[in-house]
Amino acid sequence: MINFPILSVITYLPLVGILLILFINKENYKLIQWIAFITAVVNFIISIPLYFNFDSRTWAMQFVEKIPWIEEFGISYHMGIDGISLLLVLMTTLLSALAILSTWSAVTEKVKEYMISILFLETGMVGVFCSLDFFLFYVFWEVMLIPMYFIIGIWGGPRRVYAAVKFFIYTMSGSVLMLVAILVLYFINHSQTGVYTFNILDYYGLNLPFGVQFWLFLAFFLAFAIKVPMFPFHTWLPDAHVEAPTAGSVILAGVLLKMGTYGFLRFSLPMFPQATIDFIPFIAWLSLIGIIYGALLSIAQDDVKKLVAYSSVSHLGYCMLGMFALNAHGIQGSILQMINHGFSTGALFLMVGIIYERRHTRLISEYGGIWKVMPFFALLLLVVAFSSMGVPGTNGFVGELLILIGTFKLNVWYGAVATIGLILGAIYLLWMYQRVILGEITNDKNRHLSDMNFREYAYMIPILVFIIWIGIYPKPFLDKMQVSVEHLIEQIKYTKDIDEGEKREAKKEVKELKSKRVKELNSSTPELLNS
Amino acid sequence: MEIIIPTINLASIYPEIVVTIFAIIVLLLHAFTPHHSTSYKGGAGKGGDHLGYISFIGVAYATFLVFTQEGGTEYSFNGLWILDNYSRFFRLIFLLGTGLTILISVKYVKDEGINHGEYYSLILFATVGMMIMGGGADLITIFLGLELMSISLYVLAGYTRNRLTSNESSLKYFLLGSFATGFLLYGIALLYGATGTTNLKGISGFIAEANFGNPILIMGMVLLVVGFGFKIASVPFHMWTPDVYEGAPSPITAFMSAGPKAAAFAAFARVFFEGLPSLQGVWVDLIWVLAVLTMTVGNVIALVQNNVKRMLAYSSIAHAGYVLVAFVSANELGIGGILYYMLAYTFMNIGAFGIIIVVGGKGEKKVNVDDYTGLAYRHPVAAATMSLFLFSLAGIPPTAGFMGKFYIFSAAIKSGYIGLAIIGVINSVVSVYYYLRITVAMYMKEPEPALSDAELRPNLVFSTAMIIAMIIAAYGVLRMGILPSDYIALAQQSYLSF
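As they're listed, the protein sequences go chains E and S.
Under the numbering used here, the first residue of the first sequence is numbered 1, with each subsequent residue one higher.
Under the numbering used here, the first residue of the second sequence is numbered 1001, with each subsequent residue one higher.
Just chain S, with the same shape it has in the complex:
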């Protein structure tokens, strides 16, 4: 047997390497610096913010490297790895999501007494996993990335280990996630069985030549839909989302709703558009149904939630539904729409979670809609920022959320899915109601006079890192809403070569 020496092009994975190295550095740094004794005992850790800032520097440096990488499409590592505009754009989304998550975590982890190197290290490893998913040109690479990301997240979901809900969240996520991974792996195996390769190009080449009516092939494809459906939290594979999102530490919930979801979409779209384009006739109908269910169920259930984190969990399900609409459109606008929307969603959702963290306070005690009552008059800036993110999530111009929806629905209409677009816009009207509930609480309700003055004026503390994160997020939301030209151009250059 001939041994093939794969072409190794380290330059194409520089950002991944950098993030990995920083993940290890943060881990070691914490291990080898003297522990501030309180930090492991659940009290407020005195450990400095340096771990967070070092991680942030790593992310920033990786982002810089992504920008300096040359354009064009390049396969390396024997066809396992691809570097193209599509993966570049997604890397930016992941790194942005991670960067914002780190910033909103800095104070949170100190308050919760979990200011450990592992926390940031796991976030960075999850990010590497996402980046591998975005750049995988082979089902095996994608699977590797997925596992790296998922396992890091299982741990992170349970990171506030003193809280029962956090443990529940972690366990649920782990069990259901492994189950989904099983589906995915089985799908990959079937595809391999039917086509003899796990390489996406090889698969699409094989299907284009051979008879693609092979039931094993279809079966494999359906299982892939199930597996990815779990990861993007589409209905009916969404059951884990509300509990996991509600129980996980808030910064991790923000993180999960942005980066990993985008990563799942990145891999999902690449596998289906590059690997299985010949089966489009089959999977489009399937995903059409998923999109409608996901949007509708997510929005309708969110209407009755009182816990803001849970509400945003359902909202995140609904947003996955909108992205699936772009997926169904299966045209250049659709791919651009997925990219644009995930970027916009990263800005607005992490932004909203930032305020949730601040309002939630130590131990995340204030996470109900009622806890926002009168916020606008105690902290006008916080309330205005939150409103901006909420209006963006609801898709009201001039915000990133509106541009994203505009992009997605124009893709749908271009492909002739007018019915789907109508269902989508009606859903976004439904969603307005629950986003407005929070603004109603913030602006239009007086706090109950029975409460004591201290309760009336909880001291919301914004750390510097949090302020920076909020400024970045608000800037992103407005910039992508008012002057979106650059971002659209970037997204348009990034569609897959299919």
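For reference, chain E alone in the conformation it holds in the complex:
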């Protein structure tokens, strides 16, 4: 296992695909599509053994690869996964393959560049979930912006340029502050241990004063909250989603948003436990606002894709809420919900893409009575919608139930408000379903729509399998993450117990700090660095 660098192979195999594609004439776009698809499928197949060889009895990082990279700064090429990232990696490789398959007929121009972008994106996404070195993580995190920017900007809808630039700048403004925070951590780590390293695992053991934790948490929060996106940082999302081509939306919703939540789990929670605990009410309310506000906006949309886009804001609110419940149920539910959201929202976008390809409109009012012409499509959409709103028997139910249990343990009020979101979720999805699928065919243009073809089944069925499988028997998925999640909670609790007294002191300190200006932080932090 150590001899075979499986994580690196998964990360860089798409680049090999790109290399092959570069040598093909752009006229021969069928071949390009096949090579891209085969690369992604092979990548997924290679990633499957990760699941079976993963030892779920330990929280330690597995499949670790570590070689020095930029020794002058203590940067190493350090990859590894634990129970938190395992499922996300698998979901990424699967969704990438399906996304590529889904655009065979949707993207017919500049196919070569398109497939290169998607494969490049896959490298970035897998890299983010596998990196155990902060520098490496940051490189992947940023590099991913480039292909996504091109995907939205070149193959997107009418306002694509605006959406692409907005996406790029929004995301980047969050992440550069994270870079500053990473560098501060780097020097604090050096002052405490005498070693220059960007190893994420080493940072877990740092003893950070509360005031420092507060600011660092805030910097990381901004980067991740924009990515998630949490209210009020969500405004880039509807633009990006609506303008992006189908595969772009699928990957954006399925994987990119999860990087934000993953970031919280991997960095914010274990590194800044005190700040995390202090931020619970703040984040919980932002999440709740996101849940309700996202759902209300979804109800109001007349465009199916916008509806799904806003529903993401709502769903990711659940993930954040469950995570910050800081108990096993909440966090497990949150991770599972990340996967679920990837499948169910990914599937929704795919299905929007399917009817869009037939009618070239996404307005709800243009449809109606689709079940008569596309019965299988109608059935499938029903299942996916059920999954998205969390009907028992589908994956959404398991995730949301766990999150709600966790939330109720934390605070009954949070739980109560979150439950309202569930009802709203049912409203916007069922109402959309009713207007698009049910009733009589009101628009003549819809009379001769063909039902789904073989290729469309090929990418919808795998998702359907997971929707039902996780819904009925989630144990194989939950088992993999359990130990890691328990360890994460221990990390937080441990600091919480020890520093309970210290924290009360520190709370006063932070109030003073809050009132101080950034400039004064400048003069105070070097002392912290030197202490």
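It should be emphasised that the hints constitute simulated quantities derived from the structure, not laboratory data.
Some hints here could point you the wrong way.
Simulated crosslink set (DSS-like; lysine-lysine; CA at most 25 Å straight-line) [said to hold, decoys possible]:
{"hint": "1", "chain 1": "E", "residue 1": "110", "chain 2": "S", "residue 2": "1445"}
{"hint": "2", "chain 1": "S", "residue 1": "1445", "chain 2": "E", "residue 2": "26"}
{"hint": "3", "chain 1": "S", "residue 1": "1362", "chain 2": "E", "residue 2": "166"}
{"hint": "4", "chain 1": "E", "residue 1": "166", "chain 2": "E", "residue 2": "306"}
{"hint": "5", "chain 1": "E", "residue 1": "66", "chain 2": "E", "residue 2": "166"}
Now the stretches of chain S that chain E is said to cover, found in silico as 3 or more residues with beta-carbon under 8 Å [unchecked claim]:
{"hint": "6", "region": "1225 to 1235"}
{"hint": "7", "region": "1423 to 1433"}
Just so you know, these numbers come straight off a predicted model, no measurement behind them.
Cβ coordinates follow ideal geometry from the N, Cα and C atoms, glycine included.
Based on the hints, put chain S in the right spot on chain E.
Frame of chain E, contents of chain S only:
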């Protein structure tokens, strides 16, 4: 009066000698070979590319000599000259910048009908000036180098003499540059008056012993900041930059933004870190303000530029601001950061100008952002290369620009300037917008259908020299971004002994 015979160590100035000799050779060669009559009349010169290639060989040979020079720190010429890792690293930056400039000039000068020996000769003389600035251990040596460099550049800026903007550029550069030189000289004079020496070591020794609160000393220091501030184009001494950069021939603009700027930084850092370290408390605050202003003003004004050359002029101001951040940090990482960043900037900026030259075409007619519309579908490789350089300038990994910024901001944070680092990173987000504008034009906009087919498909011609230059630049950008270890080690060995 006793006459001191200075220790003359020619070995320590071999590279400078070689470049000088080649500058003269190129000049003479052009003078004594029969002129291809058209070349002086503004038409396409038939003169061969040999002048450019000979100059390039000279630069390559000088680079080789720099590599063979022994390590360690060595003073010679009676303390006027220093050879250390710092000056070695900077020489490499200058020679690289010059080499790339020569390569991207070869076709340009033929198209513009300025294929003269003087052109290359002046570039080489400017390079000698830069190298002298990098190796000067005395204010007089540095000043000599600065003047040699500046005067060559004044001429080069106006080299396309048939173009009005080029003349304007040259004149503006000359007037404002002389003004700045005046400041610098006055500063040197005041320092001499206060300390009795122009030798950097002597100055720092004097200040360390005597009371350094002497107002003349502070005054001299401030004037030096103004003088160097002009040369590195920091705000508020940047006014000349946009016009000069826009008007000068594109290869010269590329040249000016890389080498001379690096040279000014080399001298600036050496004077302040070796000569005036005792005054650090004073100049750090001053330069802090300069850094913030330079980054912010440069980036914000660049946002609204439509002319790509002018945009990159403002961008170059902003980049000087980032380097000033490293300067303020005043630690080993900071010095390494300056070196690393200037090297990275040389690769990426000259690279970007290479594409600008090709797209600009004869007479530099297509230099607006709109002229890049749809480039990606006519010339995918050119567009991809340009994007690489632009992403590097914007500081997106995995490119040299990102590593450079990473280096600089870590230096700032190490010294506790977290506020400054935050201002810096926010600035780099602002800069993303205008760099993206060019990629938007290249990739995301369809060319207007009204244009004729010939206009739609202007025939971009890449000469062999240009292709080589682009390959070197792209390689440098990627290598310094993905496997930067060697370069960082080199930069780290090169910090000043202070």
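Hint-by-hint comparison with the structure:
| no. | hint | result |
| --- | --- | --- |
| 1 | E:110 with S:1445 | holds (13 Å) |
| 2 | S:1445 with E:26 | holds (20 Å) |
| 3 | S:1362 with E:166 | violated (36 Å) |
| 4 | E:166 with E:306 | holds (17 Å) |
| 5 | E:66 with E:166 | violated (36 Å) |
| 6 | 1225 to 1235 | violated (count 0) |
| 7 | 1423 to 1433 | holds (count 6) |
Consistency note: the structure conflicts with the earlier hints numbered 3, 5, 6.
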